[in-house]
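Keeping their order, the protein sequence lines are chains P and Z. Going by our numbering, the first residue of the first sequence is number 15, and it counts up by one from there. Going by our numbering, the first residue of the second sequence is number 15, and it counts up by one from there.
Simulated from the structure, these hints should not be mistaken for lab results. Don't take each hint at face value.
Identical chains blur together in the list; that is why a pair holds if it fits in one copy or across any two.
Lysine-lysine pairs mimicking DSS-like chemistry, simulated, CA-CA at most 27 angstroms apart [unchecked claim]: (1) K103 to K125; (2) K125 to K44; (3) K53 to K141; (4) K134 to K123; (5) K75 to K125; (6) K134 to K75; (7) K123 to K103; (8) K139 to K125; (9) K119 to K139; (10) K103 to K134; (11) K123 to K139; (12) K44 to K75; (13) K95 to K141; (14) K103 to K139; (15) K141 to K103; (16) K95 to K75; (17) K83 to K125; (18) K103 to K83; (19) K53 to K103; (20) K134 to K53; (21) K103 to K119; (22) K119 to K44; (23) K119 to K134.
2 protein chains.
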Amino acid sequence: MLGFTVVAISLAADSNVEQAVRDADEQWSKVAGARDVDKTVAFYAEDAMVLPPNAPMVTSKPGIRDLWKTLLGSLSDISWKTTHVQAAKSGEMAVLVGTYQLTMKDGTKDKGKYCEVWTKQADGKWKCTTDTFSSDLPASPPTETK
Amino acid sequence: MLGFTVVAISLAADSNVEQAVRDADEQWSKVAGARDVDKTVAFYAEDAMVLPPNAPMVTSKPGIRDLWKTLLGSLSDISWKTTHVQAAKSGEMAVLVGTYQLTMKDGTKDKGKYCEVWTKQADGKWKCTTDTFSSDLPASPPTETK
Numbered sequence: 015m016l017g018f019t020v021v022a023i024s025l026a027a028d029s030n031v032e033q034a035v036r037d038a039d040e041q042w043s044k045v046a047g048a049r050d051v052d053k054t055v056a057f058y059a060e061d062a063m064v065l066p067p068n069a070p071m072v073t074s075k076p077g078i079r080d081l082w083k084t085l086l087g088s089l090s091d092i093s094w095k096t097t098h099v100q101a102a103k104s105g106e107m108a109v110l111v112g113t114y115q116l117t118m119k120d121g122t123k124d125k126g127k128y129c130e131v132w133t134k135q136a137d138g139k140w141k142c143t144t145d146t147f148s149s150d151l152p153a154s155p156p157t158e159t160k
Numbered sequence: 015m016l017g018f019t020v021v022a023i024s025l026a027a028d029s030n031v032e033q034a035v036r037d038a039d040e041q042w043s044k045v046a047g048a049r050d051v052d053k054t055v056a057f058y059a060e061d062a063m064v065l066p067p068n069a070p071m072v073t074s075k076p077g078i079r080d081l082w083k084t085l086l087g088s089l090s091d092i093s094w095k096t097t098h099v100q101a102a103k104s105g106e107m108a109v110l111v112g113t114y115q116l117t118m119k120d121g122t123k124d125k126g127k128y129c130e131v132w133t134k135q136a137d138g139k140w141k142c143t144t145d146t147f148s149s150d151l152p153a154s155p156p157t158e159t160k
């Protein structure tokens with residue numbers, strides 16, 4: 015019975031972690047969809063890394079803020095949804111994979127996928143520590159006019 | 015002393031996990047650099063997901079093999095190096111972030127970054143379960159001729 019109890023607690027912990035990060039990620043998509051730069055950037059840990067396509071890795075909060083300010087300023091809507099969660103048994107980190115869709119202000123639509131690493135912080139809050147995403151669509155040059 | 019011992023064991027475990035995944039990743043870069051498709055694909059778990067830029071997510075081993083066969087067939091060299099490792103305290107998963115560089119057969123060079131999730135399998139071997147990467151360079155259309 016002890017073994018069973020330990021397994022049951024472990025499964026419950028995994029399930030709690032998965033739900034916590036799914037909930038946080040859903041909130042994140044909502045604030046990004048509302049184009050709120052500050053609230054969007056607040057989901058990143060202080061030491062977060064963002065790996066955007068066609069640009070070098072960004073490893074500072076001001077750099078991440080600039081990236082989101084530019085992105086949210088150029089689009090009319092964005093949303094994403096997690097499709098896979100892999101939580102560590104120790105309950106302090108989880109990897110989320112999912113798909114996004116967005117519409118630029120000029121009407122151009124994009125869709126793609128992402129991989130986010132979430133880490134439980136010292137205060138118990140979940141923050142994104144690594145964020146990477148890329149389009150599903152064929153590459154187009156940055157200067158292309160539609 | 016018990017607390018100290020537990021912490022010491024935990025740190026040693028983290029360090030062992032980090033070294034194990036770094037070693038596996040270094041071997042992976044070598045077999046890819048030798049353009050060995052089978053050995054390269056063998057580093058993925060059966061249920062691995064690859065998130066390539068400008069293409070949909072690939073979630074099957076045959077799909078992943080096709081991706082690498084095309085990629086390794088079009089380049090003359092590729093290598094990568096992990097710069098950050100985040101290992102779960104429970105020791106069964108780790109996230110690696112690093113940079114890659116490659117040269118296509120036509121001489122075009124590319125460099126970029128990646129995020130790999132590694133998971134310890136039932137047989138104790140480490141395999142890549144999620145792999146995503148993107149170029150640091152500005153987007154160019156797929157039909158562009160150099």
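Hint check results:
1. In this homomeric assembly, K103 and K125 never come within 27 angstroms of each other (Cα to Cα): the closest approach is 32 angstroms inside a single copy and 34 angstroms across copies.
2. Proximity of K125 to K44 under the C-alpha cut-off of 27 angstroms is restricted to the intra-copy arrangement: shortest distance 17 angstroms within a copy versus 33 angstroms between copies.
3. Taking the shortest Cα distances, K53 and K141 sit within 27 angstroms of each other inside one copy (12 angstroms), while across copies they are farther apart (36 angstroms).
4. For a Cα distance limit of 27 angstroms, the shortest separation of K134 from K123 qualifies neither inside one copy, at 33 angstroms, nor across copies, at 38 angstroms.
5. With identical chains, the CA atoms of K75 and K125 are at most 27 angstroms apart both within one copy (25 angstroms) and between copies (23 angstroms).
6. Within a single copy, K134 and K75 get their C-alpha atoms as close as 18 angstroms, which meets the 27 angstroms cut-off; across copies the closest is 32 angstroms, which misses it.
7. For a Cα distance limit of 27 angstroms, the shortest separation of K123 from K103 qualifies neither inside one copy, at 38 angstroms, nor across copies, at 40 angstroms.
8. Taking the shortest Cα distances, K139 and K125 never come within 27 angstroms of each other, neither inside one copy (29 angstroms) nor across copies (34 angstroms).
9. Neither within a single protomer nor between protomers do K119 and K139 lie at most 27 angstroms apart by alpha-carbon distance, with minima of 33 angstroms and 47 angstroms respectively.
10. For a Cα distance limit of 27 angstroms, the shortest separation of K103 from K134 qualifies both inside one copy, at 13 angstroms, and across copies, at 12 angstroms.
11. Taking CA atoms no more than 27 angstroms apart as the test, K123 paired with K139 passes in neither setting, with 33 angstroms inside one copy and 41 angstroms between copies.
12. Taking CA atoms no more than 27 angstroms apart as the test, K44 paired with K75 passes inside one copy only; the shortest distance there is 20 angstroms, against 34 angstroms between copies.
13. Taking identical chains as interchangeable, the C-alpha atoms of K95 and K141 lie at most 27 angstroms apart whether they share a chain (17 angstroms) or sit on different chains (26 angstroms).
14. Both within a single protomer and between protomers do K103 and K139 lie at most 27 angstroms apart by alpha-carbon distance, with minima of 17 angstroms and 17 angstroms respectively.
15. With identical chains, the CA atoms of K141 and K103 are at most 27 angstroms apart both within one copy (18 angstroms) and between copies (17 angstroms).
16. Proximity of K95 to K75 under the C-alpha cut-off of 27 angstroms is found in both arrangements, the shortest distances being 24 angstroms within a copy and 24 angstroms between copies.
17. In this homomeric assembly, K83 and K125 come within 27 angstroms of each other (Cα to Cα) both inside a single copy, at 19 angstroms, and across copies, at 25 angstroms.
18. Within a single copy, K103 and K83 get their C-alpha atoms no closer than 35 angstroms, and across copies no closer than 34 angstroms, so neither meets the 27 angstroms cut-off.
19. Taking the shortest Cα distances, K53 and K103 never come within 27 angstroms of each other, neither inside one copy (29 angstroms) nor across copies (29 angstroms).
20. For the identical chains of this complex, K134 and K53 are intra-copy neighbours only, at 18 angstroms inside a copy versus 35 angstroms across copies, given an alpha-carbon limit of 27 angstroms.
21. In this assembly of identical chains, the alpha carbons of K103 and K119 never lie at most 27 angstroms apart, being 42 angstroms within a copy and 43 angstroms across copies at closest.
22. When the C-alpha separation of K119 and K44 is checked against a cutoff of 27 angstroms, the pair qualifies only within one copy, where the shortest distance is 18 angstroms, while the shortest distance between copies is 44 angstroms.
23. In this homomeric assembly, K119 and K134 never come within 27 angstroms of each other (Cα to Cα): the closest approach is 35 angstroms inside a single copy and 44 angstroms across copies.
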